[in-house]
Amino acid sequence: MRELKKGSLGMLLLHLLRERPSYGYELCERLRVRSGGDLSFEDGAIYPLLHEFERQGMVEGYWESGDAGETGDPGASGSGSRKGPRRRFYRLTARGESLLAASVTEWRTFAEAVRRVLAEPNAEPNAELAFG
Amino acid sequence: MNGPIDRYLEALGRRLAMPEAARAAALEEARGHLLERAASYVERGIAQGEAERIAVALFGDARRVGERLSRVFGVPWGWRRFLAGTVLGAGMAWLLWTAGSFPLLVYTFYASALPGSPPPDVGNLLIQSTPLTEGGFYAYLTAGWLWLLPLLALYLTLPCWWGRRAWRWWLPGAAYGLGGWLAVFWFPFFAFRFDGSGFAAEARLVLLALPLALLASWAGWLSRRGMRPRLDAAPAGV
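Going down the list, the sequences are from chains A and B. Each step along the first sequence adds one to the number in the working numbering, with nothing skipped, and position 85 is 85. Here the working numbering runs 1000 ahead of the position in the second sequence, where the first position is 1.
Looking at chain A on its own, in the form it has when it is part of the complex (with noise of 0.2 Å):
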């Protein structure tokens, strides 16, 4: 569950900054609400993601004051309207959008993959047959 919660760390974020800009702790806690709190990280593990992302060209990241009505996150909830220091935004870039799109097929593609093997073994085509 570890292995697979980090492999799709990187997918989640990019689907979550393809509905809107947002800002590392904002991401955060997105996940958690949207993943009924199963999913949940090290709050740090996702900065190198991130940064990593960025490097690449697949998000593209931009500074913004803390100040109130700022974000440029027109449905940001209660946190984003608080004063505090500037945030770091990150929004996906058409590189980006491809990219999941790809992550996203193969990872459906596995999921349903998996879900077959684990189906009910009288789902399973008789394979004795096929050795007479």
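The set of hints was computed from the structure by calculation and includes no laboratory data. We put the beta carbon where it would ideally sit given N, CA and C, even for glycine. Any given hint could be a false lead.
[As the list claims (entries may be wrong)] Label pairs and their in silico Cβ distance ranges:
| hint | chain 1 | residue 1 | chain 2 | residue 2 | range |
| --- | --- | --- | --- | --- | --- |
| 1 | A | Arg-115 | B | Glu-1020 | 47 to 53 Å |
| 2 | B | Leu-1095 | A | Ser-8 | 50 to 56 Å |
| 3 | B | Ala-1057 | A | Gly-61 | 24 to 30 Å |
| 4 | B | Gly-1091 | A | Ala-111 | 55 to 61 Å |
| 5 | A | Val-33 | B | Val-1042 | 17 to 23 Å |
| 6 | A | Arg-55 | B | Arg-1064 | 18 to 24 Å |
| 7 | A | Arg-86 | B | Arg-1014 | 21 to 27 Å |
| 8 | B | Leu-1095 | A | Ala-101 | 53 to 59 Å |
[Claimed, not checked] Here are some of the chain B residues that sit facing chain A, going by a computed Cβ distance under 8 Å:
| hint | residue |
| --- | --- |
| 9 | His-1033 |
| 10 | Glu-1036 |
| 11 | Arg-1037 |
| 12 | Val-1065 |
| 13 | Arg-1071 |
[Stated by the list, open to error] Some residues of chain A that are not near chain B, with every Cβ distance over 12 Å (derived):
| hint | residue |
| --- | --- |
| 14 | Arg-20 |
| 15 | Arg-34 |
| 16 | Ser-35 |
| 17 | Leu-39 |
| 18 | Ile-46 |
| 19 | Pro-48 |
| 20 | Arg-91 |
With chain A's structure known, arrange chain B on it following the hints.
Only chain B this time, still in chain A's reference frame:
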């Protein structure tokens, strides 16, 4: 000041091996995150200190976070950096030898000068101090091998720093080893030519400086073990 968040950021900062601008930005980003996380707990009625401790714990081990971030911004070594390391190693070996030899030569001059002797020719002494001549070498022999210790310490500092920036394990040592030997190419000649005369024993002490510089560069590399960028750590695709 100096609460759990400040202490955590200090620890994190020590582990960030990256250009200064990127380091400052990463720390500012982490600070904002930690403060916001702590504020959310304060709003729930938790005391400030405890809220900061929780925020820090949730952020993760500073060493691990620092290593992961450093991999992203790690300094990639290639042939150009190898060449730069070689030139820098040669330049620093040259400068350190000259800077260490010059005061010794001046001291030796005054120690052996007769009363009423003319003052030393500074330009000539400076030339004698460079690795091109034997002046510095003789000065070290005259003054005793203990004088070599500060020189050795200087020889270790920069390679160690340079090694911390290295990517592949063999690059820092190789670059500095080659550079250092190029700068003072005549060391082995002196060390072995006079073998048996009592001269070679001290010469071998001088000879230690360069292998030690080489080892220091690897020590620097080892000191940031785990922070080296790994290709397989970069997300392939996503």
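Against the structure, the hints come out as follows:
Between A:Arg-115 and B:Glu-1020 the CB atoms are about 49 Å apart, so this pair conforms to the stated range of 47 to 53 Å. At about 52 Å, the beta-carbon gap between B:Leu-1095 and A:Ser-8 stays in the expected band of 50 to 56 Å. Range check, B:Ala-1057 to A:Gly-61: Cβ separation about 26 Å, and the 24 to 30 Å hint holds. Judged by the Cβ atoms, the range 55 to 61 Å given for B:Gly-1091 and A:Ala-111 holds: they are separated by roughly 57 Å.
Distance hint for A:Val-33 and B:Val-1042: a CB-CB separation of about 20 Å, consistent with the stated range 17 to 23 Å. As the Cβ distance of A:Arg-55 to B:Arg-1064 is approximately 20 Å, the hint placing it in 18 to 24 Å holds. At about 24 Å, the beta-carbon gap between A:Arg-86 and B:Arg-1014 stays in the expected band of 21 to 27 Å. Evaluation of the 53 to 59 Å hint for B:Leu-1095 and A:Ala-101 yields a pass: the beta carbon distance comes to about 55 Å.
Hint status for B:His-1033: holds, given a least beta-carbon distance of 5 Å to chain A, under 8 Å. Interface hint at B:Glu-1036: satisfied, since its Cβ lies 5 Å from the closest Cβ of chain A, which is below the 8 Å cut-off. For B:Arg-1037, the interface hint holds, the least distance from its beta-carbon to any beta-carbon of chain A being 6 Å, beneath 8 Å. Residue-level restraint check for B:Val-1065 holds (minimum Cβ-Cβ distance to chain A is 4 Å; threshold 8 Å).
A hinted interface residue such as B:Arg-1071 counts as satisfied when its beta carbon comes closer than 8 Å to some beta carbon of chain A; here the least separation is about 7 Å, so the hint holds. At roughly 18 Å, the least C-beta separation between A:Arg-20 and chain B is larger than 12 Å, which holds for a residue marked as non-interface. In this structure A:Arg-34 is separated from chain B by more than 12 Å, as the shortest Cβ-Cβ distance comes to about 17 Å. Distance check on A:Ser-35: its Cβ is at least 16 Å (rounded) from any Cβ of chain B, clearing the 12 Å threshold; non-interface status holds.
With a least CB separation of 14 Å from chain B, A:Leu-39 remains clear of the 12 Å interface cut-off, as annotated. Against the 12 Å criterion, A:Ile-46 falls within the reach of chain B, whose nearest CB is about 9 Å from its own CB. Listed as outside the interface, A:Pro-48 is inconsistent with that label: its C-beta sits roughly 4 Å from the nearest C-beta of chain B, within the 12 Å cut-off. No Cβ of chain B comes within 12 Å of the Cβ of A:Arg-91; the nearest lies about 15 Å off, and the non-interface call holds.
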